[in-house]
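Enquirer: One letter stands for each residue in the lines below.
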Amino acid sequence: MVAPIVQYKNVRKAFGDVEVLRGINLDITPGEKVALIGPSGSGKTTIIRLLMTLEEPSSGVIEVNGENLWQMKKGNKTFPADEKHLRAIRGDIGMVFQHFNLFPHMTILENCMLAPTIVKKKEKATVRATALEMLDKVGLADKVDLYPSQLSGGQKQRVAMARALMMKPKVMLFDEVTSALDPELVGEVLEVIRDLAKSGEMAMILVTHEMDFALDIADRVLFLNEGVIEEEGHPEEILVNPKSERLQEFLSRFTSSR
Amino acid sequence: MTWSWDVFFNVIPLIFKGLWITLGLTIACYAFAMVFGFFWVFMSRIPWKPVNWLFRWLAEFIRSTPPLVQLFFIYYAWPSIPVIGVALNPFAAAILGLGLHFSTYTSEVYRSGIESVEKGQWEAATALNLSTKQKWLHIILPQAIPPTIPMLGNYLIIMFKEVPLASTIGVVAMLHIANDYGAQYYKFVEPLTVVALFFLLLSYPSALLIRKLEKKYNRRFDKRTATL
Ligand SMILES: Nc1ncnc2c1ncn2[C@@H]1O[C@H](COP(=O)(O)OP(=O)(O)O)[C@@H](O)[C@H]1O
Ligand SMILES: [Mg+2]
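Chains as they are written, first to last, in this note's numbering: chain A, 1 to 258; chain B, 1001 to 1228.
FYI, nobody ran anything at the bench for these hints, they're computed from the structure.
Cβ atoms here follow ideal geometry from the backbone N, Cα and C, with glycine treated the same way.
Watch out, some of these pointers could steer you wrong.
Straight-line alpha carbon distances no greater than 20 Å define the calculated DMTMM-like cross-link-like pairs of lysine to aspartate or glutamate that follow [as the list claims (entries may be wrong)]:
{"id": "1", "chain 1": "A", "residue 1": "Lys168", "chain 2": "A", "residue 2": "Glu67"}
{"id": "2", "chain 1": "B", "residue 1": "Lys1133", "chain 2": "A", "residue 2": "Glu230"}
{"id": "3", "chain 1": "A", "residue 1": "Lys168", "chain 2": "B", "residue 2": "Glu1123"}
{"id": "4", "chain 1": "A", "residue 1": "Lys122", "chain 2": "A", "residue 2": "Glu133"}
{"id": "5", "chain 1": "A", "residue 1": "Lys243", "chain 2": "A", "residue 2": "Glu232"}
{"id": "6", "chain 1": "A", "residue 1": "Lys84", "chain 2": "A", "residue 2": "Glu56"}
{"id": "7", "chain 1": "B", "residue 1": "Lys1133", "chain 2": "A", "residue 2": "Glu176"}
{"id": "8", "chain 1": "B", "residue 1": "Lys1133", "chain 2": "A", "residue 2": "Glu232"}
{"id": "9", "chain 1": "B", "residue 1": "Lys1119", "chain 2": "A", "residue 2": "Glu56"}
{"id": "10", "chain 1": "B", "residue 1": "Lys1135", "chain 2": "A", "residue 2": "Glu232"}
{"id": "11", "chain 1": "A", "residue 1": "Lys120", "chain 2": "A", "residue 2": "Glu83"}
{"id": "12", "chain 1": "B", "residue 1": "Lys1135", "chain 2": "A", "residue 2": "Glu83"}
{"id": "13", "chain 1": "B", "residue 1": "Lys1133", "chain 2": "B", "residue 2": "Glu1123"}
{"id": "14", "chain 1": "B", "residue 1": "Lys1119", "chain 2": "A", "residue 2": "Glu133"}
{"id": "15", "chain 1": "B", "residue 1": "Lys1135", "chain 2": "A", "residue 2": "Asp92"}
{"id": "16", "chain 1": "A", "residue 1": "Lys84", "chain 2": "A", "residue 2": "Glu110"}
{"id": "17", "chain 1": "B", "residue 1": "Lys1135", "chain 2": "A", "residue 2": "Glu133"}
{"id": "18", "chain 1": "B", "residue 1": "Lys1049", "chain 2": "B", "residue 2": "Glu1060"}
{"id": "19", "chain 1": "A", "residue 1": "Lys73", "chain 2": "A", "residue 2": "Glu56"}
{"id": "20", "chain 1": "A", "residue 1": "Lys84", "chain 2": "B", "residue 2": "Glu1118"}
{"id": "21", "chain 1": "A", "residue 1": "Lys137", "chain 2": "A", "residue 2": "Glu188"}
{"id": "22", "chain 1": "B", "residue 1": "Lys1119", "chain 2": "A", "residue 2": "Glu188"}
{"id": "23", "chain 1": "B", "residue 1": "Lys1119", "chain 2": "A", "residue 2": "Glu176"}
{"id": "24", "chain 1": "B", "residue 1": "Lys1135", "chain 2": "B", "residue 2": "Glu1118"}
Covered by chain A, according to a simulated footprint, are these stretches of chain B (three or more residues, beta-carbon under 8 Å) [what the hints assert, rightly or not]:
{"id": "25", "stretch": "1082-1093"}
{"id": "26", "stretch": "1130-1139"}
Put together the whole structure using the sequences plus the hints.
Expert: Structure (structure tokens):
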């Protein structure tokens, strides 16, 4: 049995009085592709934002490579994580956002080069070569000197993926990365993710409403409902033979598009 | 009293000397205000409520009291306060007083610029593991500051027009020279007209320049689209 790269242990998250996640337990093995599905507002985004350290859990523990994300040990005392501790662990996690969040004041190439250059302090020429290669891989070799505002949504999202990949994360998080796109642009983005999934030893957590896509690339599907993982298992099991009534009801909304 | 062109042309070189003092003082005050504006922004972002409130309140206080009162306080009252009292020369007192006053305005401009940067930009920067300093330097400020350049330029012009206040604590710039001349020769109209002309000559083109900047920075990201 391989040690999990990510572990959620009874993780809860409340915003004010509203408990959004109510005890999440989740192990992810290195290289595993996990699809996270569920109705809007069920807490999918919050789950992955917690791992990206964009939110802090109200209780419970998140571990990356066996290290507690939000607590650090000094001697045999524990302290709340500081910026240094977070940065050390965060290096293994990458994220692609629903709304791209490219840096509008930088070119596509600069977007991809920034973090490796200033965070990892790699040599510029090397980073540049890697970035060009990466952008070529996502089909944007001819756009490298443009600004984000000059790209289509699908192109922006492919840049965002290249940018995140530049940091060589061991776990990549995708938050409904196609849902802000025009329908005809969804395919090109899914294609890039599919290639990544098939070729990579990188673990992925994908929040998605593309059920066929989840069925195709995921090793495991989680159905989240009202802040708890209600059903999980092999994609066929979950998507083709759902057990719980709520999951059946949820999936029935997608039959038209399948 | 009659208008005398002789007097008018005589005072031009005199007052022109004062113009350099006025300009120098404007730039010094402005630099102070630009730099110190960041101080207020960062103090009000400290995630500790008491500090936060103290500095917000202090800035509000300075912003809503007249700069003339502040100048008088710094120049006349401060030196006589035991322990913390410091006597400044008029020029330094003017820089401190006007600079401080205007820093409460520049800080508001910075704040609006910073708040106009989307939350997603911070989050993307976190996801790429940038340090706090790197986020500010590479992501937030480069997006927050350019749109505020026209507003900052406006404050430069306003500052330029407020600098004559410094003559009240004895900074010998244009207005002071004109006043002295008037008191000595009982001729006020000509020297004061020259002062006004100099102000107009500098303010008006600057205002035009700022309007140009405004257009440029409002279209900053669109322009790049247009080059496609
Ligand atoms: N920062 C926040 N403050 C308050 N409520 C939030 C915040 N983020 C998310 N929520 C709430 O938490 C619930 C789950 O949100 P989210 O994780 O985005 O769900 P999903 O991605 O499954 O649609 C929603 O009801 C949402 O309104
Ligand atoms: Mg969501």
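Enquirer: It remains to establish, for every hint, whether it holds in the given structure.
Expert: We went through each hint and held it up to the structure:
{"no.": "1", "hint": "A:Lys168 - A:Glu67", "verdict": "19 Å, holds"}
{"no.": "2", "hint": "B:Lys1133 - A:Glu230", "verdict": "41 Å, violated"}
{"no.": "3", "hint": "A:Lys168 - B:Glu1123", "verdict": "18 Å, holds"}
{"no.": "4", "hint": "A:Lys122 - A:Glu133", "verdict": "16 Å, holds"}
{"no.": "5", "hint": "A:Lys243 - A:Glu232", "verdict": "10 Å, holds"}
{"no.": "6", "hint": "A:Lys84 - A:Glu56", "verdict": "16 Å, holds"}
{"no.": "7", "hint": "B:Lys1133 - A:Glu176", "verdict": "30 Å, violated"}
{"no.": "8", "hint": "B:Lys1133 - A:Glu232", "verdict": "41 Å, violated"}
{"no.": "9", "hint": "B:Lys1119 - A:Glu56", "verdict": "16 Å, holds"}
{"no.": "10", "hint": "B:Lys1135 - A:Glu232", "verdict": "38 Å, violated"}
{"no.": "11", "hint": "A:Lys120 - A:Glu83", "verdict": "16 Å, holds"}
{"no.": "12", "hint": "B:Lys1135 - A:Glu83", "verdict": "13 Å, holds"}
{"no.": "13", "hint": "B:Lys1133 - B:Glu1123", "verdict": "14 Å, holds"}
{"no.": "14", "hint": "B:Lys1119 - A:Glu133", "verdict": "30 Å, violated"}
{"no.": "15", "hint": "B:Lys1135 - A:Asp92", "verdict": "19 Å, holds"}
{"no.": "16", "hint": "A:Lys84 - A:Glu110", "verdict": "25 Å, violated"}
{"no.": "17", "hint": "B:Lys1135 - A:Glu133", "verdict": "26 Å, violated"}
{"no.": "18", "hint": "B:Lys1049 - B:Glu1060", "verdict": "16 Å, holds"}
{"no.": "19", "hint": "A:Lys73 - A:Glu56", "verdict": "18 Å, holds"}
{"no.": "20", "hint": "A:Lys84 - B:Glu1118", "verdict": "25 Å, violated"}
{"no.": "21", "hint": "A:Lys137 - A:Glu188", "verdict": "12 Å, holds"}
{"no.": "22", "hint": "B:Lys1119 - A:Glu188", "verdict": "27 Å, violated"}
{"no.": "23", "hint": "B:Lys1119 - A:Glu176", "verdict": "18 Å, holds"}
{"no.": "24", "hint": "B:Lys1135 - B:Glu1118", "verdict": "13 Å, holds"}
{"no.": "25", "hint": "1082-1093", "verdict": "violated (count 0)"}
{"no.": "26", "hint": "1130-1139", "verdict": "holds (count 6)"}
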